[in-house]
Structure formats: C-alpha cells, structure tokens
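Spelled out from the first residue to the last, the chains are:
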Amino acid sequence: MGNYEIALCLGVVAPLFMFAVLAFVGHRIGKPTSGWVAVLGVLISLGCATYVLTGWLSATDKAALMATTGYDWVVLNLFGNEMPIEFKVKLDGLTVMMYFMVTLVSTCIFVFSIGYMAGHSDEVDGQCKFHRFFCYLSLFEFSMLGLLISSSIFFLFVFWELVGLCSYLLIGFYFDKKFASNAAMKAFITNRVGDFGFLLGLMLVFVFLQTFDLDQAAATFRNQYETQSGIFAADIDILGWHVSGMDLATLMGIGLFCGAMGKSAQFPLHVWLPDAMAGPTPVSALIHAATMVAAGVYLVARVFRLLTPDAQFFIAVIGCITLTITALIAIVQIDIKKVLAYSTLSQLGYMIFGMGVGAWPAALFHLITHAFFKAMMFLGSGQVIEGCHHVQDMRKMGGLRKKMPVTCWTFLIGVAAIAGVGIPGAHIGLGGYFSKDEVLAVAYERAYNWEDRFGGHAAEGGHREGDAHSAAPALRSGQVIFASGGEHADSHADAGHGGGHHDDPVLAGIAAKQHKIPKWMFWLPIIIAYVTPFYMMRCWWMTFMGKPRDEEVHHHAHESPLMWAPLIVLAAGTLISSFYMFRPELGEAAAHATQAPLVVSVDGEVPNKAQHELLGLSHDKDKDPHAALIGIVGFAWVAGIGLAILIYRNGLDLAERIRRLPLIRFFHWCLMEKLFFDHIYDTVLVGGTKWVLAQVSRAVDTYIIDGIANLLGRSTVRIAEFSGNIMDTGGVDGLVDAIGESTQGVGEMVRQPQTGKIRNYIMFGTAGAVLVLAAMIAVVLS
Amino acid sequence: MTQFSVPWKQSPPLEHRGPARGVVALARFVYSAAAPIVSRFPGLILTSAIVFSTLAVWIHWELFSYLETIAASDLNGTAKSIWGQSLTVGEIGAYLQSNSVAAGGVLKYLLWPLQMELFRDIVGLAAIFQLFNLIPVYAIWWERKVAGRIQSRMGPMRVGGWHGWAQSFADGVKLVAKEDLVPAQADGMLFKIAPYLAFVPSLLAFLCFPLGSYWVFRNVDVALIFIIAMVGIEVVGVIVAGWASNNKWSVYGAMREACQMVSYEIPMTTVLLVPIMTAGTLNMVQIGDAQSGGWFTWNAFHNPFTFIAFITYYIASLANCKRAPFDLPESESELVAGFHTEYSGFRWSLFFFAEYAAMFVVSGLAVTLFLGAWHTPLPSTWAFEETSLFKILLNGILFSSPFWFIFKCFIFIYIQLWIRWTLPRIRIDQVLYSCVQVMFPIACVALVGHAVWMVLLDGSMFSTLIRWVLGLIFAAVTFGFLSVAAFGYRNGRRMVGYLAVKQLPGS
Amino acid sequence: MTLRLNQLMVFATPIIIATLVVIAPVQAADTELPQSEQGLTLSDQGIQKSADGGMLEALMFYICAAVVLGSGLAICLSKNIVRMAVYLFGTLASVALMYFLLLANFIGVIQLIVYAGGTLILLIFGVMLTSKSPWAKFDVKRNEMIAAGVICALFAGMLLMVVVNAEWPLETDAVVVGSSMTQFGSALLTDYLVPFEAMSVLLLVVMIGAAYMARQE
Amino acid sequence: MFEIGLTHYLVVATLLFVMGIYVMMTKRNAIGILIGVEMVLNGANINLVAFNRYNGMSGIDGQITSLFVIVLAAAEAALAVAICMNFYKNLNTVDVDHGDTLAG
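Chains as they are written, first to last, in our numbering: chain Y, 64 to 845; chain F, 131 to 637; chain P, 3 to 219; chain L, 292 to 395.
One chain only, chain Y, in its complex shape (with noise of 0.2 Å):
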C-alpha cells in the first residue's frame, strides 16, 4: 500500500482503536480524561488528512496517486464467474477534501463535548456516562471515515448502517427520557425505510453489473449502454408491472437515492431530524448537520454515473419540495435547536436539488461550506443552551451579546454564510453566496438556456440520432462535461479540450434524453433563498440582540474557554472554505466522477468568453446565469436579513401582531403542525398498521378460533352421548383391562435388562455389534 492509503487506514483506525478503549477501560479512565483520549484519536486522523491533503494539493500525477491497491475481501462466485468483493481504499479529490473536513470539523466538536458534556453527561443506573458518549463518538468518526475511503458500494452500504447505528445511539443518549428514545427509534425506522431501497438499487447492481466497485460499476454502465446489454437489455415483470431497460436502470438509480433520502432526510423521510434534535447538542453539530445527513449527498455524487435522466429529475424534484417546505417551516419555530434543524433540511434540499440538476461540483462545495458554518452555529446555540441552563425557547432568551460575545460574533458569520451575503458581481463574500450561487446557476441555465446552449447547430447530429432535435445538444453536452473546471484535460485521458467528444454517439444519444427543468423548480429556490436569510437572521436577532426577555435566565448566561475556542476555529474554517479553497479540487474530481453515459454535469462556473466560443455559446450577456442571477436573488440576503431586523427590531409584540392577522394565523397554524406530516404518518401509517392488524386478529379470534372451539364442544357433546350410551358400558371398560394388563406385562418383561448401570448397557450394545458383525461375516462366508 502506498503511504497515503495506510494514512488514510490509519485515520480510519485511530478513533476505532479509541472506542475501543474507551468501551472497556473507559469507566476507569474517568470523566475529563476519556474525552482528551477521544480527542486524540480523532487528531490522529485530522494528522493523517492534513497529510494526504497536502500531498495531494502538491501531487502533481494524481491519476497514479488514484490507482491503488486493493484486497479481495471475499470471492463471490456468480452466475459461473467470479465476483470479489474488494476492500480498497478510494482515494481522489472528493475523498481527500470530503475527510479533511469531517476530521478538522469532528476535533473542534469532540473539543467542544469535553465542555458541553461535563454538564449534560448525568449519572445512569449507577455509571457516569461522559465515557460512553466519547466512545459512540468515537465509533461514529470511524464508521464515517470509512464510508469516505471505501471504494465499493457494498462497503460503502456496510459503514452506511454504521453511521445510522451510531446515530441511533448518540440521539437515545439520554435513553431514560422517554422523548429521546422515541426520537431514536422514529430515526432508526424512518432510516430503514430509505436503506430498504438502498437495499433494492444494490441488489439490482449485483444482479445486472456484477461489481461493487465504484468505477467498474461506472464503466460496466457504460457499456452496457452502449451495447444496449445487461441491465438495459434486462426486461422484467415487477407484480405484473413490466419494467425494461432504462426505466429498470432508473429503478436503480431511485433505489439508491432512496438511502440518501433516508440518511439525509429528504421530502418524505424528512420528519426524522427535527426530533433528533433530543440528542446533545454536539451530537446535532456533528452527525445531523456537518457530517451523516451529508453523507446522503455523498453518496449521490458517488453512484452519479448510475444516475439515468429521469431518475436524475427524481432527485431534484425531491431536493426542491424538500428545501421549500423545510424552509416555510422553519419561519416559525421557537425552538433555537428546530430553527437550525429545519434550515439544516432546506440546505440539505439545496445539495440534493443540485445533484438533480447535474451541478455536481457545486453541490459538494455547498456541502463543505454548509458543514463549517452549520456546525459552528450549532455548537453557538449548544453554548447558548448550556449558558443558559438548558432553555432552548429563544423567547425566553434576548440580549446574550454582552453575556457570549463570541458565540454571537461567530453565530452571525454562520448567519451571513448561510444567508448569502456578498456584493453581487464582484467574488467577495461568504460561503453561501458562492455555493449557492452556483446551484442557482445550474438550475437556471437547466430551466432557460437549455435549448439556447445546445439549440443551435440541429444539423450536425441529425444523421446520427433519430430526431434532429435531439442530436446536436448531445455534442454540446460532451463539450460542457469536459469544460468543467479547466483542467481535466490533463488529469482525464480522453477528455479533449472542448469537441473532445465531437463524434461520440453514446454522448450524442444522450443529452436528448436531459430533461429541461420547468421553470417552478428554478424559482422555488430563488423564493426560498429569499426566505433563509429571513429566519436565521430572527433566529440570531431573538437570541442575541434586544432586551433580555427572561432576567434569570439572562443572569446565568456565560461561556467558557473549552467550549468558544472550537468556534473561532470553526469561523475561521467557514471564512476560508468560502474562498475557493475546496472549489478547484472538486471540479477537478467532478472530472471523473461525472464520466458517465447517462450524465450531462453542468458547472457552476459559467464559461469565460474563450470558452463561450469554444462552445459556441451566445455571447449576449443576459443569457449568462450569474448575471441574470445578480438581478435576480443577488441582493436577496439584504431584502430577508432587512425584513427581519424590521420585525424583530424591537421585541417580539410586532411579530406577535402580525401572527394574529386573519390568513397569517392560518399559515401559521399549518407550519407551526410542520404541514401535518407527523400527523398524517401517525394517522396513515402508524395508524392503519394497527388498524389492520385488529381487524385481522379479531377475524381469526372470532371467525376461526370460536368457531373451532364451538364444533368441538358440540361435537363432543354429541360423541359423549353415543359413547356414554353405547360403547362405555359395552366393550370399552373390558378392553381398557386387556391394555392396561398387557401393558403391565410387557414393562416387566422389557424392564428387566433396563439395569440402568451404564457399564451393562455399553455391554449389551457391543453384544448386539457382535452378533452384527457374526452376521454379516456369515453372509460373506456363505
């Protein structure tokens, strides 16, 4: 192995070896002490990272750095050929980027935890459990970390389930509250109904591309495409339903989706993370805001080259309900906690509606820096809730700048992060403002310059697919792959500057089959990135600035060292993951990731003018995105983060007001019931369940049990009769007699070598071998 993988395995080993550890000598090591020994495990690995991130920002042949070595975990013999199943380490750009930022974001929170937990962590039937908190949060860097270096998705599925497990575990932490446990089980289930279609898309990848491994799954893909073999020559009935070729390859694509949509938390599935909220604080920092609900997008962008179109605009359909209803939500929440849980579910929706779209480098940037600012602003709100002793009403809180100033400083950078604020037109600002840009971009170029992009010259292409329509967008969409990011023509080896892919008919038949966004899921986000700085700004104001609304609440308030340290580490993280620090590595490894049949991957990056001709694109400025889009929602963090100064400017009576008013109360009912989700699952599912199950239990107890038990006791009465009639008195009483005699009589004959001494039986069995055995030398003999 080469030293970047055994540092990578290293990492991953690290805080596994700690858990460890901690799980059997943890109640010794005592209360501060365990967390410091979770905390180096988890520097190991930030080590480890820092390593391989360097050597591979200074790599300079990174195609030989991604060819490594890998074992075969166990050989699957199938259908006749051999399928191993191999462990490897995936090392390339999302990887190295992807890792740096779990470990660098986990050290600041199991930093924190040390702080949080010295408070939160009350005695259990009898044992302290700050130990065992540091040792699930050990367990849970390690599975997370391996999900990141697997490079099969049959391991990736395995550390999958761990996460999840570690999930479970970290949100009943407090599992003597009866909310909590709850809160744990409803993630549990909610999760297993997602991986229940991970479970599906697997098997249909074992079924029809006879690999695990990532990039072999990815080229088998490809040609079965291009064959037209394997999966899309596959035609199956699914209960009667006929499914063939390319849907059955979509069915696939949404299988997969589907345990992204559990573990992140998308439209259906949603209603698992605001509960999660129960578990600590840090535990929401890290593994429902920074680094599991990411992992959905993660893997996404992993099988994105087993995406189809259709099951592509499955994806964005469902990022865009879900960052459009989360976000109406989380207007009205109270709950400090929900607030950033909601705008955690919004951001996710961003990531996954931008995935749909084919941003896919845009996606995964928005995922770095919505991990940095989102953990800081919950490790914020954990300060402020441990400052203020467990109160998470922000009506009960106001005016904690002068008690925290540094939770409210770094909490406001997280604010303007997430809400975008930077001067339009000039690349000045902070992480949001260019991630989400950039998903903006896509969505718009998908929904308006689609036909203007690749409309042009029909001609070209008409010859070689069907319809003329189709054909020539297919070459503009080789070039666009390719186009991304500038330099993939050097570390891709077939990936020509521009017309790389001029005469390639796999590409051509394929952007015919890239749907053209409607227009709705490019503007519910643009309303929605109208909205987010609206309530986070509330968020912060109702927190921070005013008068302290609850003076005993405000008197207690304080933050210690341990705990604003990982902050300013955090602030400083998103400030520079803003800056274009991750954005050129993901492009790059967007290069690869996206080299797939099924698969047109627009950049967030608007071509330059060079490259405006190299694609023959229109020049006229207003068909450029970003320009369109500084019109469009570029001063939108001024409009919301104005509105809710406005508003909350001075306590909470305006607001208050303007709740009363006649529709608003009713939109406010309906998102204070989160859109009746819960109620409807409760009702539907929870409730049909058990409905079912009384009427069918109360059929069999009346229909079938009763009814046997009535023919019984008649017929019994009946054979009564005719017996007691009949045959008791006639030959009943003398044949009971004869048994019972002859019963007694052959006992005694048979009890008589039942000695019961063991030596006597072994006597007799070797006895009865030797007359066997006589025998049968008899038969030969004879």
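Note that these hints are calculated values from the structure, not bench results. Among these hints, one or two may not hold up.
[Unchecked claim] In silico lysine to aspartate or glutamate, DMTMM-like type, Cα no more than 25 Å apart, as pairs:
(1) F:Lys-378 to L:Asp-386
(2) P:Lys-81 to L:Glu-367
(3) P:Lys-143 to L:Asp-386
(4) Y:Lys-820 to L:Glu-294
(5) Y:Lys-610 to Y:Asp-398
(6) Y:Lys-151 to F:Asp-588
(7) Y:Lys-125 to Y:Glu-149
(8) Y:Lys-820 to P:Glu-146
(9) L:Lys-380 to F:Asp-559
(10) Y:Lys-151 to Y:Asp-276
(11) P:Lys-143 to L:Asp-388
(12) L:Lys-380 to P:Asp-141
[Said to hold, decoys possible] Covered, in the sense of this in silico footprint (three residues per stretch, anywhere, with C-beta under 8 Å from a C-beta of chain F), are these stretches of chain P:
(13) 102-116
(14) 119-125
(15) 205-213
All C-beta atoms in this analysis are idealised placements derived from N, C-alpha and C, irrespective of residue type, glycine included.
Knowing the structure of chain Y, use the given hints to seat chains F, P and L on it.
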C-alpha cells in the same frame, strides 16, 4: 543405625551387594582422586570441558560429512542402510589412498563404523545427554551464587576452589549416595516412576533443539510443537509424584501444578504463533536462520505486537517451568516443598534436573523464536568465506555460533533467577486470574494485531521505521542495564556493603 | 549408606526411550533443507530408510505395539484409577510414536501436546477432585468380568478375522512423502473449512458448558 | 515379518479398540470409563492414519480426520470431567453403578 519407632513398617537397611559396592567404591575413589586436581585448575577445567565437548561434536560432524563425500564418490553409490554394509573397509582405504591421506591405514578402521546410523545416533545422543547434564549442574551452581549476591552474601565458596564451582558435582555424589526413601503409605510403583516421567520429557526436548543452524540432532519440521509438548508432558511426572506421595501438601502442590500448567499453556502457545506467522514455518532451524540479518531483523522487533508477544511469552514460560513468582507447586513456605516433599536422594535430584533443563528449554525457545537465535547483532552477510579453520572460528565468534545461543539462554536464565530472588510469590487465584483475564486477552490482541499488520503494511516504509525504533529502544535498554552492571562490578564490594547498610532497618 | 542398583539404571532408561523417538523417522517430511546443511541430522535418508531399511522400522513397530498393548492390558487389569491414568500415558505416548512411524509427524506431536499434555492431566485432575480415599477401589463382580471378557474376545476375534483376511485394494508400499505443515494449513482452510469452523464453535460451546457445569454454587 | 504393512497397524488398532471397550465395561469408576473411551478413540485414530499412509496417495485426509478426532476427544474429556464432578456433587461418589436412580 538406630531404629526409630515409626507407624509404618520400616524397610531394613541394605548392605552393599554386587555391583553397588563397586560403584560406591568407584565414586569414592574418583572424587578423592579428582578433588585435588580440580581444585588446582578450576577455571581451566570449566572452560575446557565446554570447549572440548563442542569441539568433539564439531569434529564428528566434519568426519560425517567427509564420510558422506566418500559415499558420494563411491561408484556403487547405493543408499547407506543402518547396518552399514554399503562401504567396506577396503573401499574407504582405497579412497583414502587415492587422496593420499596420511595414516589412512588406521583411519579407515576408525571411519568404517561411522557410517552406521545407529553409531552416529549414539554419538549424537551422548553429546546431547552431556549437554543436558552439564546445563543443570552449572545452572544450579549459578543460581546459588546469584541468590547469594542478591542477598549480599557469597554463596558456595569451598568446593572446587574457585567460587565453589564444583558444588553441584559434590551434591550430585551426595544425592546418589543418599538412601532412597519410599513412604510406606505411598503408592510405590507410581512413586518410583514419577521422577522419570518428569525427567525424560525434558531430555527429549533437547533432541530437536537446534543450538546452531548445523548444530541440531534431529531437524524436525514440527520441532517447535514437539518441544512445547515435551515441556507440557513434564507436568505429568510432577502430578503423579504429588499424588503418589500420599501427602496432603504434595497433593496440593500437584493440583496447583495441574491448573497452572494447563491454563498457562494457552497464552504461551498463542503468542508462539506470532513468530511462526512471521517466519512461515515450524522448523526451528529455518526460524532461526530467518533472523540472521542483524539485531533489527530479530522477530521481537518486527512490530509492536511481536514485542508484546515476546514479553507475554516470557512471563508465561516462567509459569510453565514453575519458576517464581509462579512456583506455587513447590512453595517451600506454604507446602513444605510441595510435590517433592517425600522425595530424597537421586529421585529428588531428577526433579531438579528436569526443572533446570526446562528453564533452559523455555529460554532457548525465547531466544530462537524472538531474539535472533544463534546470531550476533551483526548481520551475517558480513561473514567471511569459511576457507580456513581460523575464519570458521572468527565467524563463530563474530556472527553465529552455539556459544552465542547458550550465552543468550543463560542471560534469560539469569533473569529468571533474578526474578525469583526479587519478587514475592503470588496467590493461586492471582495466578489463574492473571492467566485468564490478563495474559490470554493480551495474547489474542498480539496475535490478531500481528496478522493484520502482516496483511496491511508488512514491508512498507512505515513498518521498517517501527522495526528500527523498537530495535533501538531494546538496544538502549540493554546498554543501560550492562552499564549499571558494569558499575556494580567495578565497585562491587563497596556497593554490597553500602546496600547492606542501606537495607538495615532504622538506617 | 545404602545404594540401590535401580537408581543407576536411570542412566539407561532415558537413553532407551530417547533412542525410540530418535531413530524413528521423525523428520521424514523435512525436505526443505538441502542435504549438505543437515549436519548431525541424517534426515535426508529418512524416507528411503522407511522404504528399504525395513528391519529398523519393524523393530520400532514391534516395540511400540508392545508398549501400546502392554499398557492397554495393564489398564484393563489395574484397579487403581491413577495407575490406570499413568498406563494410559504410556499408551498415548507410544501411539504418538506409531504416528511418527507412519510419517504423520504433525498428528504425532498433536497427540502428545493435546492428549498427553492436556486430556490426561484433565483426567488425573478429575480423579483428584472426585476421589475420597487416596485410591478407592471399585471391585466388579466376577461374572460381569467374565461376560465382558467373553464378549470382547468374540468381538476382537471377529474384527481380527475381518482385518487379517480382508484384501485391502489400496495397500501399496509406495514411498509416501510425509505430510507437511503447508498441506495441513491449506487443507484446513480450503477443503475442510466448514468442519474446522464447526470445530471451533464446538470448542467454544464445550468450554462454556464445562465451566457452567463444574461451577460451585 | 520385517515388512510392516497396513495389516500390522490395523491389528494393533483393533486390539486397542477392544481393550477400550473392555475397560468401559468393567470399570465402575466414571473416570475409568472415560479412559476406556480415550483408548477406543486412539484405536480408531491409528486406523485413520494407517490408511492414510498406505493408500499410495500423498493426500492427508485421514490425518486431518484424526486431527478432528483428537480435538473432539479433548472437548469430550473436558465435558466428561465436568459431568463426573456433578455426579460426585450429587451422589457423593463416582461409582457409575450408583447412577441408576432413574431405572425402572
């Protein structure tokens, strides 16, 4: 001889009859004749005994190989059968004449019997047996000296002149001459056979034991398991002895020995799998030769897990040859010498032969498997071409030779003595606890960790780095120990007095 | 000062027993080392010896068989349980020697380390834990012994009849290379993987069960 | 006579086997019966190894089977000793003839 009134029937004292009388007279004569001589040249005799025995074995080997060349040069080169008819005296003589060897006429009669395998085996057995007898004799004497030093006294000083080096021989003569007591209530047959059951296996363990890559009597492919089995079988004799003595203390000692041995063989064998995995064979010669590349290629420094395995093995081996702090079966203070309470005379000494031989065997295993068997810290690749006897000798002194093996073994035996005279004995429940709950988990961790290490990063830059680091740590520790010892030796007498005063209460 | 001759015989005893082990072709399977490196060991002739030098092998075999059957007979006749265990030790050791003669070195040493080193000690341990008087004798009724003897004699007679008269089609005098560790390892991890794993599970179960049954309430 | 073949080993194995059965029959001590079982297993093992040696092929199936037999015997001995101790705990003796409390 006065008759004591004892509850059981007393065996009448025997007069010397037949050969016994002759043997006694012979022993008396030999000692009276040898004593003045050995007391004159003690050091000379001590060293020359070892040197000559080794040289004898070496010469035999040279002769055998020479004879093999003769047989190979023979025209009708059929395989030599044990009865040795294949080479006649005439053929040997002809060969010698053709090579114009001087004194071939006499030499052929000397060479002829050497082609009989039985003869060769007898010679080899004699060498092994002499080694087997010399080692306990000197180990016992050395233990008494070490104990004396540790307790700020001199130890045996009289017999043999120089530091009482012949003490053990004198004890041997005394023990042979002592009366052979068999308690009347004891199970006579078992009581008599038990010492042999303890003695013979520890002798057999020497048969497959390589002292050097050429210096092995039987080069067996399963030598390692064979030796472990022999060390384990030795316990049968101890248990039978304790049982047959029909003595409460002896039975306690025997039962303790049984639990202790059976439970400590598990971690010991488990950690022994680690060097086996490293070398990929059970043949001890190959395991030893695999570590010829200098001290940092020794198995103990292969990775942290092998080092843990080495430590674990050494502790388990202490328990396995019932040395302190695990010497519960024969604890003098609690069980009045435990399983050999009732023994006396020669049978008693057999137990001690067995025990000290077992000490040598387990130390030899530690050396062979972990600490680069018969190799010096210098890599053997620097060795000279063995053209002359002088260069052979130089290689032996500088690079690899049985002397180094025995030297290392005695270092470990010294550590055993050191521990015995330093640490207190631990309780039986502590013994079993430390086996089952401490050493066995550690052994499993070492095994699994080593396996993972071998799979993942064997041969990588990282593992080489680790190997160097461990080797340097070990070298530093060794050097520090040697320097302390040297200081102690330089002003030893003052130091002893100083320590003695320092240890006095109220000082 | 009295001196008994049998004390001096001790010098002869280990030599005899040692020669038993030594001259047996223990190292037959050791074929890695080239002939020149054998030094004192004559293992390079091990295989041929078992092929042509039949005299020694026969001698060895008869000695081993004598020890096996003799100690077995002693077990049958003895009434003292500890003595029986010691005779069993003789049986096991000489059966291990037979394995060496059959070029099954690994099985031989495993027999020594597991049977003689483990099982036998376990038996003696059980005896010590369960015997009230030093050597309690449980006498068997004479007619029982006679019946058992008759049955066993018949059994042995028939089995011997079968064994001696049977034509073993496989029997050859081909020189067989003894088993090597490599063979064992690969066989245990490929062809016999499932029995191997089942055996490990069984050992675990037995360990737990024995510890549970033998515990002190 | 001097040519040792398969039959010699089989004869020894048979005799050992039958002796084991005899021991099982005539020893009233539970441990004695255990000893008989061990003798029987050894007799079987000699058969396995002997067939493996003399079948003219260089496989080691017989040896592996005998290896399994040895392991099983060790396990069986451990369990049997535990049973004997329970027997002794309940009946205060190891005489198996007293173990007939369930006999009709």
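Ascending list of hint numbers which this structure does not respect: 4, 15
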